[in-house]
Amino acid sequence: MTIDLTQVRGLFFEESFENLDIMESSLLDLEIETFDEELINNIFRAAHSIKGGAGIFQLDDIVTFAHNAETLLDEIREKKHTISQTLIDLLLGVGDILRMMLLASKDEVTYDAEKVQICQNELQRILAKPVSEEIPDDIVQTEIEVPDETEKLVVKKWHIEFKPELEILKTGNDPINLFGELQELGELEVEVNVDEIPNFVDIDPQLCYLTWELILHTSATQSDIEEIFEWVIDECELDITEFNSDSSKNIKVNTENQERTEIVENTTPEIENLPDIPAPENITEKPIIKDVANKHIQSNTDSIRVGIDKIDNLINIVGELVITQSMLDQIGENFNSSDICQLQDGLAQLERNTRELQENIMRIRMLPISFSFNRFPRLVHDLSTQLGKKVELVLSGENTELDKTVLEKMSDPLVHLVRNSLDHGIELPEQRKQASKPEVGRLHLNAFHQGGSVVIQITDDGAGFDTEKIRNKAVQKGWITSEEVITEEQLHEFIFQPGFSTSEEVSDLSGRGVGMDVVRRNIRDLGGSIEVKSTVGEGSRFTIRLPLTLAILDGQLVRVGKEIFVLPLLSIIESLRVQNSLVNSFTGAVEIYKLRDDYIPILRLYKIFELEDTITKLEQGLLVIAEGDGQKIGLFVDELLSQQQIVIKNLENNYKKVQGVSGATILGTGNVALILDVTGLIQLFKNKTKSPTHLPLGAIRYE
Amino acid sequence: MNSDINGDTANKYLTFILATEEYAIDILRVQEIKGWSKVTQIPNTPSYICGVINLRGTIVPIVDLRLRFNLDFQTYGSMTVVVVVNVISSNNKERIMGVVVDGVSDVYDVTETEIKPPPDFGSVISTEFVKGLTTVSDKMVIVLDIDKLLNSDELAIIDGLS
Amino acid sequence: MTHKILICDDSVSIRQMLVLTLSDTKYDVTESKDGMQALELAKQNVFDLIITDVNMPLLDGLSLVTKLRVLPNYRFKPILLLTTETDPQKKKQAKAAGATGWIIKPFDPDKLLVAIRKVLR
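Chains as they are written, first to last, in the numbering used here: chain A, 159 to 861; chain B, 4 to 165; chain C, 95 to 215.
Heads up, some of the hints might be wrong.
[As the list claims (entries may be wrong)] Per label pair, the in silico range of CB-to-CB distance:
id, chain 1, residue 1, chain 2, residue 2, range
1, C, Gln187, A, Gly465, 34 to 42 Å
2, A, Asp187, C, Lys137, 29 to 37 Å
3, B, Ile20, A, Ile481, 48 to 56 Å
4, B, Asp148, A, Arg679, 44 to 52 Å
Keep in mind that the hints were calculated from the coordinates and are not lab data. Ideal Cβ positions, reconstructed from N, Cα and C, are used throughout, including at glycine.
Kindly generate the complete structure, drawing on both the sequences and the hints.
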């Protein structure tokens, strides 16, 4: 029998990586010198499952390695080892090696065998009972012995005495089934011995009082016969003897007596079948080869695991949608004006269904942020060891869901921020003691929903930013003059500038060529923002705001001339009528609006987009105060239209990225409207005005 | 596709008119031909990019070939024709674009051997976008390389920018 | 009569493998992901054969067998353990708990079918 393993293969890798995650998090939860049975069992099971699965796909190297690990874990379960940091680190290393091997197998590439060997040696050194170098025989499929044709043809006569224990039926074994199996091997004669049956009144129907004597004519070997009794061997008396057993076991056919040759003839039908036996075993190789060929197609499809409840919800909603549709159909069939109320009801229902459907479909793409957070315990563990720092990592809000794409793209920036906090934020234990802070630093990763966005905060109780250093750097880079007085917040902003790094020497951890500017850019590309608050001596907090999803946006429609644009609602602070007295010109190039204590540059959208037939007098239109990347700008539009949820379509599919525009959407009229990107607009504005002098910070600060 | 006497396979080409000249493009690249519909302008783009339209849920950019070839602008109206084509860019990405032409003319069978390399002058457009010249019923037809044309300059895909 | 088989393994890929192997057979297969779930399912239905993994969360395979054997419906029903262990000691434990037999992982589809045929005729 052959089955297609391709599908299972993908599943196996997915599952194995999950198991490795479980293994890792359980290891990190283990406490030294305490025996937490549940955690240890979790770890054991994870390694065990990987070994079992790897066996199916004949990944023998993984099986061997996992087997060693499993043996150690088994010994730990039996309390032969105490939990020490060394042991935990070794097992974390084992997890890494397994991951490396699995990844390599998945992608059909080679891995660093030396690493495996080093870890393997380490494992063997620590093991209480030595494990043989060989692949454990329990996992390797026994080689198919190519049967010696001549021997197979020899039909022997076997005498089998089978006396099961009384209790045999209670394990679900039925002698009749065993005999059925024997019959498959050849001609079987059965004789029942009923001598042991007690008097009727004493009979317990649950017990087996019978014993059997069997004669089997077969070409099968003794071990073939024994295999049938494998499961009951300890619950019976079994005696298998060969008739004429005086002749040696390896007798060749040609030397045999007449009796045997006769039997060969009598049982030809069965014998013909025999050479087929090994055939299926050979065939099982095939799906695996095919699997390799299909693998690339498999690994390229990005998949998402969706809970059944989410799917069920969708099915329910679609069901309702169908009902609504048929209801509307009915109304439409013989419509007369008295049905108008019904029609309105139907349309309202349709709208509700559509909205629900949309919300639920969006939900499918949502994953809890724990997918991303889960890697941090390990990262923090490794880094703090490396840096000689003591850090307690606190995770909260792990169940906060966000879009899969956002989640994936946030992964690297988050790692960078955590590395930064450990490297630059949290101090060495002595320094902390001197500052009369607890020796163990605290790093808090928190996620929560706020309005239409997801907020992620990375908070440390470290040293905070060294404002003096930042200032010096900014002066050195020529961003400010040494006399310039700027606020602390403005100083903090500098860390997001390209080329900024206060580290005197590039450390192994943070100086990897990705700076905070890249972090900010990545976040901004996702339509999010990042800001930082830091107090010297008390710590820093990075706050990242991200849209829930990349596919839908709450938009404010605005009109400029004949064109309609969409502004993300999140970027709008307020809209107002312009009072001419508050408008000032700045160096002749930029108009500044004084809004309470703020000076806000005015960007006339019609100018930047070169539109005609628009309102040009400020007091006749509206000023939409929007914020992009921490900067405020007043967008001058003709009028505000409605607010609505819009589906984001990208321009890049068929065209390319356009500065100041983050995408497009299709309006109810079928026309296309561009979605404005406030940050991009500010940049565009800067390029267009090409102000010769440098503008005051706080008004507009350009990158 | 038909085979002529030489055994050379003929491809079908759609031709269209721009000012006084007739241009041909591989018909297999033509997705549909439609009338003019309102475009949404894209800011800060060259004048030959009219903007984008909604083609059954897809945002499709529209290029005015007259302007692309520096011919006089002709106002759009009910007679304006948009040819929607599939363009394959250098990185093998397929894009859908619309081109505005004066009118669609005909469909011809042209074999590869009938397409002669263009001289370096005599056309309003750079020969870079021209696959060659051919003659159909005594008329000269300019065969365009649509991929080169719609992947040049402002229309080029900048790798890594997404 | 279609035989009803309950399979129990915490590993999705092993479950999938079992289901695929049994998919073209006359058996009616029900899946469960841990011992607890298997026990609940076994109480709600009557299965002709139960095939279970040993190492599982919530309720391990051996405990599952012990718990099943006290249920009237499963006193004599075949229960096979899926195990990677060839250790005779583990086999003894399995028998002591009341298992009918065992299938060594990784199993090839034919061996699994042979093993099932041994108990379901």
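To test your reading of the hints: which numbers does this structure violate? 4
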